[in-house]
Amino acid sequence: RKIGIDLQNSDEVAPSPQHKGVQRDVLTEGRYFRNPYVWSWEIVPQIEIASGEMGVKVSLTGDDPGYGEFLAKVDERGEATSKGIVPGVLNPGRYPINPSLYQVELHKPTTIPAGFKGIVTNLAAPLSKQPNRLLVDATERGVQSVTLEPGTHYLNPYVTRVDLVDCRSQRFNLGEEDDMGFPSKDGFWVSLDGVIEFRVNPEKAAEVYVLFNQQENGPTIDAEIVQTIIMPNARSFCRLQGSNSSGREFIQGETRSAFQKAFETEMRKACEPLGIEIIQALITTIRPPEKIAEPVRRREISKQEELQYKQQVLQQESEQKLAVEKAMVEQKQSLVTADRDVVKVTTKAAEEQQVALTLANQQLAVAQLKLEASLDESRAIEARGKAAADVVRFDNEAEAAGWQTAVQAFSGDGQAYARYVLYQKLSSAWQRMMVNTADSPMMKILDSFTEPIGRTLAVQPPVTAPAVADPPAGPAAAP
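All letters in the sequence shown, in the order written, are residues 3 to 481 by the working numbering.
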């Protein structure tokens with residue numbers, strides 16, 4: 003602003019829009035109509051923070067920080083009211099920041115790889131009220147008790163320092179730097195070599211970092227752990243426990259195995275309270291003096307061969323016993339198989355017998371039913387035949403009774419009744435009769451019926467003949 007209220011000597015920028023000088027607010031993209039006699043302007047690029055980076059704001063205006071302070075004070079809106087490092091960071095993006103108010107520094111975010119822990123050191127908080135503590139709270143200056151997990155963390159490097167502690171498994175060779183050994187009980191020097199696999203306990207990573215980190219090695223603590231914890235405890239155990247046994251005892255397998263187990267157990271007891279986990283501690287090589295090693299070795303070889311031969315004898319006896327037991331088992335299996343086959347055959351025969359018996363009973367029942375049906379059918383046929391015979395007999399008797407009654411009507415003269423029936427049939431069947439002579443065959447037939455009828459009519463009163471079924475009419479006969 004060109005015109006307005008004058009600034010004081012301590013003002014770097016205009017405290018309000020009515021004052022002259024550089025204004026605190028900036029104009030973002032767009033079109034603005036400003037009076038050039040009142041305003042002047044400068045176009046500057048915005049602050050761009052690329053991906054994989056972060057920005058730290060440094061306030062250039064405001065009150066000077068106090069003694070020992072380097073962080074700028076901010077108000078409720080997050081604007082700095084004093085000079086110094088602004089707490090917090092700017093994530094990747096574009097920011098319209100007034101270059102007269104702030105300077106932006108680009109930094110890389112803190113990346114913690116897998117298997118590491120991030121040790122957080124607060125650089126700007128007030129000092130702890132208990133200066134002898136190893137770890138402090140989050141609101142105090144110093145190493146924090148809470149560590150960072152693997153990942154990317156956007157932290158202000160002026161406020162927070164992050165040191166990496168490798169919590170992965172690591173191996174260290176005992177004989178890598180110098181000769182590792184101890185004097186035996188009989189005064190011989192016994193050399194050994196071994197491998198210790200260890201790692202920093204993730205729960206105690208911050209405590210381990212504070213205790214064993216040395217200034218000359220920077221933020222790494224691997225060498226300090228080996229020199230301060232691993233090697234002193236390994237040498238102490240080897241010299242104390244190794245001096246209790248003679249040199250030739252370390253050639254024997256029993257002493258070596260016991261020494262190995264005790265070494266791993268003692269290393270874990272000594273290192274785990276300090277935040278170091280011993281995954282395994284192996285004694286790979288024990289080298290006693292050659293003066294006693296060779297004869298003891300031959301003796302041990304002889305003992306091992308003797309044990310081997312005894313083991314072979316025991317193995318052969320076991321194989322013999324196993325063969326006998328196997329034969330017994332096979333015999334028992336054969337007996338069981340035979341018994342099972344006998345039971346199977348017996349069961350099958352019984353089942354077949356039961357099936358045959360059931361089938362025979364079914365056939366017997368069917369035959370009995372058929373016999374009863376045949377008897378019933380024969381009785382029915384006999385009854386039907388008897389009934390038919392009775393019908394015929396009754397018909398014949400009825401017909402005979404009718405004929406007998408008819409004959410009795412003619413005084414028991416069957417010949418007269420026969421002539422009556424003949425006349426009755428012929429009278430309705432003949433239409434005309436032509437006779438040329440009295441002695442023709444037809445007349446002779448008719449004459450044979452004339453005299454007896456006359457006699458009969460003269461002696462007996464007329465009797466009405468019973469109704470007789472007419473036979474079927476035949477064709478008219480012509481002489």
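Calculated directly from the structure, the hints in this document are not laboratory data.
Be aware that a few hints might be false.
Said to hold, decoys possible - As a list, the in silico EDC-like pairs of lysine to aspartate or glutamate whose alpha-carbon atoms are at most 16 Å apart:
no., residue 1, residue 2
1, K110, D165
2, K4, D65
3, K206, D224
4, K293, D168
5, K110, E50
6, K206, E256
7, K263, D188
8, K206, E279
9, K187, E199
10, K110, D195
11, K206, E274
12, K85, E71
13, K263, D168
14, K206, E142
15, K22, D8
16, K85, E14
17, K271, E199
18, K4, E14
19, K305, E256
20, K85, D65
21, K85, E55
Hints the structure violates: just list their numbers, smallest first. As far as the earlier hints go, 2, 4, 6, 7, 9, 10, 13, 14 and 21 are violated by this structure, in ascending order.
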